[in-house]
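Colleague: Take these sequences, add in the hints, and give me the full structure.
Each chain is listed here by its residues.
Protein chains: 2
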Amino acid sequence: MLQYDQLSLNIPDTQKPRVVIIGGGFGGINLAKKLKSKDFQIVMFDKQNYHGFWPLLYQVATAGLEPDAIAEPLRKLFDDCDDFHFRLVKVTGVDTALKQVKTLIGDLPYDYLVIASGSKTNYFGNKQIQQNAFPMKQMTDALNLRSQLLQSFEQASMTKDPGMRQALLNFVIVGGGPTGVELAGSLAEMRKHVLPSDYPGLDFSLMNIYLVEGLDRVLPPMSPEASAKTRQYLEKTGIQVKVKTMVESYDGETVTFKGGEQIRTQTLIWAAGVQGSLIDGLPADAIERSRILVNEFSQVNGTQDVFAIGDVALMKTPDYPNGHPGVAQPAIQQGALLAKNLFRLSKQQVPEPFKYFDKGSLAIIGRYQAVADLPKKLHLSGFVAWIAWLFVHIWYLIGFRSKLIVLSNWLYRFFTYDRGTRIIIRPHVRKDDTVAHEILAKSEML
Amino acid sequence: MLQYDQLSLNIPDTQKPRVVIIGGGFGGINLAKKLKSKDFQIVMFDKQNYHGFWPLLYQVATAGLEPDAIAEPLRKLFDDCDDFHFRLVKVTGVDTALKQVKTLIGDLPYDYLVIASGSKTNYFGNKQIQQNAFPMKQMTDALNLRSQLLQSFEQASMTKDPGMRQALLNFVIVGGGPTGVELAGSLAEMRKHVLPSDYPGLDFSLMNIYLVEGLDRVLPPMSPEASAKTRQYLEKTGIQVKVKTMVESYDGETVTFKGGEQIRTQTLIWAAGVQGSLIDGLPADAIERSRILVNEFSQVNGTQDVFAIGDVALMKTPDYPNGHPGVAQPAIQQGALLAKNLFRLSKQQVPEPFKYFDKGSLAIIGRYQAVADLPKKLHLSGFVAWIAWLFVHIWYLIGFRSKLIVLSNWLYRFFTYDRGTRIIIRPHVRKDDTVAHEILAKSEML
Numbered sequence: 001m002l003q004y005d006q007l008s009l010n011i012p013d014t015q016k017p018r019v020v021i022i023g024g025g026f027g028g029i030n031l032a033k034k035l036k037s038k039d040f041q042i043v044m045f046d047k048q049n050y051h052g053f054w055p056l057l058y059q060v061a062t063a064g065l066e067p068d069a070i071a072e073p074l075r076k077l078f079d080d081c082d083d084f085h086f087r088l089v090k091v092t093g094v095d096t097a098l099k100q101v102k103t104l105i106g107d108l109p110y111d112y113l114v115i116a117s118g119s120k121t122n123y124f125g126n127k128q129i130q131q132n133a134f135p136m137k138q139m140t141d142a143l144n145l146r147s148q149l150l151q152s153f154e155q156a157s158m159t160k161d162p163g164m165r166q167a168l169l170n171f172v173i174v175g176g177g178p179t180g181v182e183l184a185g186s187l188a189e190m191r192k193h194v195l196p197s198d199y200p201g202l203d204f205s206l207m208n209i210y211l212v213e214g215l216d217r218v219l220p221p222m223s224p225e226a227s228a229k230t231r232q233y234l235e236k237t238g239i240q241v242k243v244k245t246m247v248e249s250y251d252g253e254t255v256t257f258k259g260g261e262q263i264r265t266q267t268l269i270w271a272a273g274v275q276g277s278l279i280d281g282l283p284a285d286a287i288e289r290s291r292i293l294v295n296e297f298s299q300v301n302g303t304q305d306v307f308a309i310g311d312v313a314l315m316k317t318p319d320y321p322n323g324h325p326g327v328a329q330p331a332i333q334q335g336a337l338l339a340k341n342l343f344r345l346s347k348q349q350v351p352e353p354f355k356y357f358d359k360g361s362l363a364i365i366g367r368y369q370a371v372a373d374l375p376k377k378l379h380l381s382g383f384v385a386w387i388a389w390l391f392v393h394i395w396y397l398i399g400f401r402s403k404l405i406v407l408s409n410w411l412y413r414f415f416t417y418d419r420g421t422r423i424i425i426r427p428h429v430r431k432d433d434t435v436a437h438e439i440l441a442k443s444e445m446l
Numbered sequence: 001m002l003q004y005d006q007l008s009l010n011i012p013d014t015q016k017p018r019v020v021i022i023g024g025g026f027g028g029i030n031l032a033k034k035l036k037s038k039d040f041q042i043v044m045f046d047k048q049n050y051h052g053f054w055p056l057l058y059q060v061a062t063a064g065l066e067p068d069a070i071a072e073p074l075r076k077l078f079d080d081c082d083d084f085h086f087r088l089v090k091v092t093g094v095d096t097a098l099k100q101v102k103t104l105i106g107d108l109p110y111d112y113l114v115i116a117s118g119s120k121t122n123y124f125g126n127k128q129i130q131q132n133a134f135p136m137k138q139m140t141d142a143l144n145l146r147s148q149l150l151q152s153f154e155q156a157s158m159t160k161d162p163g164m165r166q167a168l169l170n171f172v173i174v175g176g177g178p179t180g181v182e183l184a185g186s187l188a189e190m191r192k193h194v195l196p197s198d199y200p201g202l203d204f205s206l207m208n209i210y211l212v213e214g215l216d217r218v219l220p221p222m223s224p225e226a227s228a229k230t231r232q233y234l235e236k237t238g239i240q241v242k243v244k245t246m247v248e249s250y251d252g253e254t255v256t257f258k259g260g261e262q263i264r265t266q267t268l269i270w271a272a273g274v275q276g277s278l279i280d281g282l283p284a285d286a287i288e289r290s291r292i293l294v295n296e297f298s299q300v301n302g303t304q305d306v307f308a309i310g311d312v313a314l315m316k317t318p319d320y321p322n323g324h325p326g327v328a329q330p331a332i333q334q335g336a337l338l339a340k341n342l343f344r345l346s347k348q349q350v351p352e353p354f355k356y357f358d359k360g361s362l363a364i365i366g367r368y369q370a371v372a373d374l375p376k377k378l379h380l381s382g383f384v385a386w387i388a389w390l391f392v393h394i395w396y397l398i399g400f401r402s403k404l405i406v407l408s409n410w411l412y413r414f415f416t417y418d419r420g421t422r423i424i425i426r427p428h429v430r431k432d433d434t435v436a437h438e439i440l441a442k443s444e445m446l
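Residue numbers (this note's numbering), protein chains in the order written: chain A, 1 to 446; chain B, 1 to 446.
Any given hint could be a false lead.
A pair holds if it fits inside one copy or across any two, identical chains being indistinguishable in the list.
Here are the computed lysine-lysine pairs in the DSBU-like style, where the Cα-Cα straight-line distance is at most 30 Å [said to hold, decoys possible]: (1) Lys316 x Lys258; (2) Lys137 x Lys431; (3) Lys160 x Lys99; (4) Lys102 x Lys127; (5) Lys99 x Lys442; (6) Lys16 x Lys160; (7) Lys442 x Lys431; (8) Lys120 x Lys431; (9) Lys403 x Lys316; (10) Lys192 x Lys403.
These are computed hints drawn from the structure, not numbers from a lab.
Modeller: In structure tokens:
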């Protein structure tokens, strides 16, 4: 058994400047990659030992990809780097005066600290939704949702009560951004191509997929053209889109919208908001809307040697007065530039300000159905956008093995329409569901 | 939330004879496959919704394969069969007088019942080992072990106390059968090719792998030639083999062997015994050494229409007075023959007695290192046996997608020596390990 006094970070002392990176996401790994060749010691902390390719997380949730296909072990990514040190531990705070990070294991002095901790689900203070809804931010979320989907169909096969059966076949996705749209599209494909032959006793014309968005269109970050096309695709696939609709409450059985409408559902998926994953010890005026305010060099307001990049950072620029979108590209580009800038700063040279190059946005609804906003206000949809989406995602996926496995799965799915990972490894059960708990416990599945 | 009175098995009534199969393992699925074309209604119960290819489970545990690659959804396997019904529910017992199976959801009458529920870990009554050891029988076992292995190295990187660090680097595998041997070989390959570059701060010459066997040789079910060759391979790879050694106790910190020797270890893997997964309601004299006694037609002693096949069955024949080995081939062959025999019985024809055709046994230790016992007392080892092992496993793996993914992983590993799934999705923590619990809870990893 572990004892706290036995534990220590064990980072070797060094003469080189030490860069501490919190988080192994897009920002953190691109920063570390570009720093590798320079004269720094790099220490990376993350509470998870792999880099997750979150754009494909929804495919894990809908049994189209295995989780291991979108996860690259962080130690493997940097095993060719001499002075790179990874520690699987959570960073709890920073002491900017002493220039130390604080972790659950111990403290570590830094020369430069880069906070790249990303974002987490935002329930907007609604604890009931937090308790009952299914988020979609990390791997366990996707696996719990996968189990929940499959368990719902199994239970629906064994339910006599038509009201409960309908509740098991109603799926409500809250959040009309890319995550919600892609999840809805994927569920609709399952409903059409896979589920009827898996569950011949169930009538899948009764399965409802709702996509709920608070603003006035789906895919609000994309162009109106992309939104309109996406809505068309979604409705053609039989998804019921509700815009300008906000969730009031969800008790695990019924979701109530502001305005009073209710839907009985056992599965409410919350893809409706994110907030930054903050750490303690930053200046109070450096936090705005749970993101960390930084200047154009990614320096945290009120500090010299603390930086923030990616989703957790809020860099206000003329083009992006509310900060950059919480997608991969800003994190990747900020990480790469910061590596260059840390090198310059360590040589007392002038750093380069960040200018975001928006390479465009993509979203996919189904087979041959995608939308793309490209630079110079070019909008694509349909087959071309679909091919672009596939290509971009394989390109940016980290790790040769992952590319191989994902491509194999996609080719398999393209030709067979099948989704190969329809397996429940760890059943999901709500804490208050005593009957389900009892059944699973007696089945030795808990 | 579920209510018991809402649940029902919902199996449609039928004029055809109903065959109820408990278990979707090698025996159950081969029986169902061969029955498909005949005039039966087939109902399959399993507490898990997929068929697991357990011969490759050890590769999931040692981060060489993803779990989804060795799991085939049962509904998918039989989606082309009109009168096949799957229910994800545990069968608790049988009433042979009323000819009904009892499940946690409800009862179902049968015409023929086939118990193909397989086997589970046997701790020989030692509750302390059951609480502290890592079994290797089902998917969650392999994933827990994978997490434990990776977490051990992470913790070892952060441990100041040399005694604890050594305990984290000592791995004791109890059971010198194929499971234990293949696991040991796989761990040795990780130690040699992967771990030193993943954990540059750790000295892997300190990592010990022990393989402990109670009988006088490893691989007791195989030939003495195979055992001797295997021992040679194991020791050449640096595995410490202890035969004629039994475990007295294991408290989670130290394993004590009969005779007094002790080894400090945080990871004791129990691959030392199995017992049949029985159900209630069978005649008492039909159970022997926790397996179900059957005649040469797989009929359970003392019943007419209840059968048992595979690991759970004990069929004594002149060639196999203690029953057939608990491997795939007897289950596959018994399942196929039983399908033929059920057809004959339903037509009042004479069934055919079972005669096991032993196609041979294989075990793998490492790259180019395998042993094979073939019919006519032919023994192979080395490269030829290794190729045979690879080929046979891909051949018998169920599902085209699985074959594709496994082959991709093996090709990738062959050329890079890398193991791609070194990820901890759900950390493992022992119930009594309060410090680890606290750290994981504060890291939001629980």
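Colleague: Against the earlier hints, flag every one the structure doesn't satisfy and list their numbers going up.
Modeller: Hints 1 and 9 not satisfied by this model.
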